[in-house]
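Chains as they are written, first to last, in the working numbering: chain A, 191 to 685; chain B, 21 to 247.
Please note: incorrect hints may appear among the correct ones.
Claimed, not checked - Capping the alpha-carbon separation at 25 Å, the derived lysine to any residue pairs in SDA-like fashion look like this:
hint : chain 1 : residue 1 : chain 2 : residue 2
1    : B       : 31        : A       : 460
2    : A       : 201       : A       : 377
3    : A       : 653       : A       : 665
4    : B       : 148       : B       : 176
5    : B       : 121       : A       : 452
6    : B       : 31        : A       : 461
7    : B       : 31        : A       : 464
Said to hold, decoys possible - Listing some non-contacts, in silico: residues in chain A with all C-beta distances to chain B over 10 Å:
hint : residue
8    : 252
9    : 316
10   : 468
11   : 548
12   : 621
13   : 669
Hints were generated in silico from the structure; no laboratory data involved.
Think of the CB as a built atom: it goes at the ideal place given N, C-alpha and C, for glycine as much as any other residue.
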Amino acid sequence: MLRLFHSLRFKLTVLYVIVFGIIQVLLYVVVVFVYESRQWSRLDERLRQRAQSMIEVIDVAADGVLERPSAVGVRPYLDAFQFPDFYYQIRLENGKVVDRSDNMRRLEFPAGTVRFDKKGPERKFETMGGGFARSLLGVDGELRVLTWYHRQPDGTLYCLQAAMDRRPFVEAVVDSRQLLATTCLVSLLAVGVTAWILAKRSLAPIEDVGKQAEDVSPKKLDLRIEIPNRQDEVAEMVTTVNQMLDRLEQAFSEQGRFIANISHELKTPLTYLLGQAQVLHRQARTPEEYDQFVANVEDEMRRLKQTVDSFLMLARSNAGLRELGVTDISANDFVMEALERCQPLASHQEVQISPNLAPADRDDADPNVRGDPELLCTMVENLVRNAIRHSPPTATVEVEVGWCDPDVAIVVRDQGPGIPEGQLERIFDEFYHASGDTSDADGVGLGLSIARAVARLHEGSLKVENRQGGGAEFTIRLPLARGAQPQRPASISKS
Amino acid sequence: MRLLVIEDNPKVAGMIEQGLTEQGYQVDVVHKGFEGEAKAARGGYEAVVLDLMLPDRDGVDVCRNLRRRGTKTPILMLTALSETADKVAGLDAGADDYLTKPFEFDEFLARVRALLRRGEATEGTVLKYEDIQMDLAKRIVTRAGETVSLTPKEFSLLEYLMRNPNRVLGRTAIAEQVWDVDIGSDSNVIDVYISTLRRKIDKPFNKKLIHTVVGTGYVLGAEGAPA
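Given these sequences and hints, build the entire structure.
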């Protein structure tokens, strides 16, 4: 049930109903206001017209009211029989009532409502209720009263009070309010129901996509969602999701390959050692045979150690920087450390290492990088070992550290055979071996992939190009560390 | 020479014991941390080989406790953990050196020998020149009483200069002494490091002590570059 309240369908419907409801309320208020104002104006206007007609045709004197001779056919206005809802009374300045309509019977407009002071307005409208209205109308109700002061040409000042029953108008107004309110509520309900139905129809394709996506799992990663036959946002979303599934499928399959490779690399030496030990064990062997085996054990174990170290290093490079291990270290420092580690191999291969470091900049700052010194050193070491192994004797491997604001650049150049054009990106793949070439940094094929992983981990990049004139050039770019991290003299021990 | 080995895996302990005994050392082996700490504190050992992963107590704690109790015997830590953070933790706790497993046995022996040499050296070899003072054991450098913070390579470079004051040292000689890399003659490595060393040692102070001798090399001298 709770899910219903959270559903998009419910929210949309509620939203529409609320918005429409607000519009309805505003409309109601406006219409009611306009209509009612008009009604009351009409009432007042009717009163005024009738009063005006009367004033135009009568002459008021102290003893009574006379019609003027010219007023033919006006008499009907004064005939209360024809207009039972119209009441009038004429009062002189001295307070005497000289005329009133027959339907007033013996009643008089309250004396306090007439004031002959010169300051008041000539005409005044007011609504009277209470006792007077009840007596006049016979029931509870209200009268609309026009009080009009008129001075005749002969100087006589009199007050004409005309009144009409308000009740019919009040009833009309109440009716219209009720009708309008009902209409608003009904249409609001209609909108709610319609929105509820339409929302379901609009959201149906999304639900469908959701159902299809449920089936996708690591075991069935080749499933794709059907693109509906339309060109709207839903189709776009489906296309994007399918592309995401493409990428996931690829990543999973790469991972599968990686695990297969690791298994192979680890199990091969183990297979040999275990098997050979068991074979030797079956009979007495000569000391020479045992000696040979022990030497082989040492070799294989060393290779296995290298493999394990490489895997661990790769796992670390992919895992992320541990807060505790991070410090600022000058690129000059970890590059020189890497070169020291590679010197034995260089001497063995008769290759010359030629380093060129980055001097301090204008502000006397060192080319500092923020990160894990061990990983950074390994990254450079792998590139340099790779370069050495591919260089012929007496060749030179150049290692250069340079400022490249906002980065520091570390370049390793060799005079080897270079890299086949189509393989420039693939050499960074795990376990990559160029055709027939098994002489890479760690003998396992992970050296370059580790180097790139470390570069990326430190928010940098590693790229390769072939040099004109032969050989390869690897460029590492790392962001310079600026700002206040305390500089500990970084230590990388030789283990 | 008597050595104490604190290692819980019996095969590894046996291997180390055999290797060291055949080199002529007297070796005592202990498999637990508490026991090892007690034995080491009692003294009588020239060096201690300490494994980090012990069943009853963390090796780092053993090391820290020994130092707190005043034991000055050199300690070599062994561990499978090779991350920088772990190395730093071990060295900060008072270990003198750190070796990751698995190791080449030759390297292990060499480091043990280095520890033993260090233990024999007079407490705190201190080099002095003018107002610069270098404590080689504690790895602290001060000038005019103020501590100067140097990286390991900068330290080695200054040490070489301080051991040969007032002598012009050729760039090749400096390179060979301080780095294990065969640096070519057209490399700027020495210049860059001399420059950072100057920034830390000379620049904040009045008297400049590190001088360039054009075409030849560098010299640590009080009276300016010799003619």
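Status of each hint after checking the structure:
1. 31(B) - 460(A): Roughly 19 Å separates the two Cα atoms, so the pair holds.
2. 201(A) - 377(A): holds (19 Å)
3. 653(A) - 665(A): Since the Cα atoms of residue 653(A) and residue 665(A) sit roughly 5 Å apart, the hinted pair holds (cutoff 25 Å).
4. 148(B) - 176(B): holds (15 Å)
5. 121(B) - 452(A): Answer holds: residue 121(B) to residue 452(A) is near 21 Å, not above 25 Å.
6. 31(B) - 461(A): holds (22 Å)
7. 31(B) - 464(A): holds (18 Å)
8. 252: holds (120 Å)
9. 316: Consistent with the label, residue 316(A) stays out of reach of chain B, its closest Cβ about 93 Å off (over 10 Å).
10. 468: holds (19 Å)
11. 548: The assertion about residue 548(A) is violated, with a minimum of 7 Å to chain B.
12. 621: Check passes; 22 Å lies beyond 10 Å.
13. 669: holds (19 Å)
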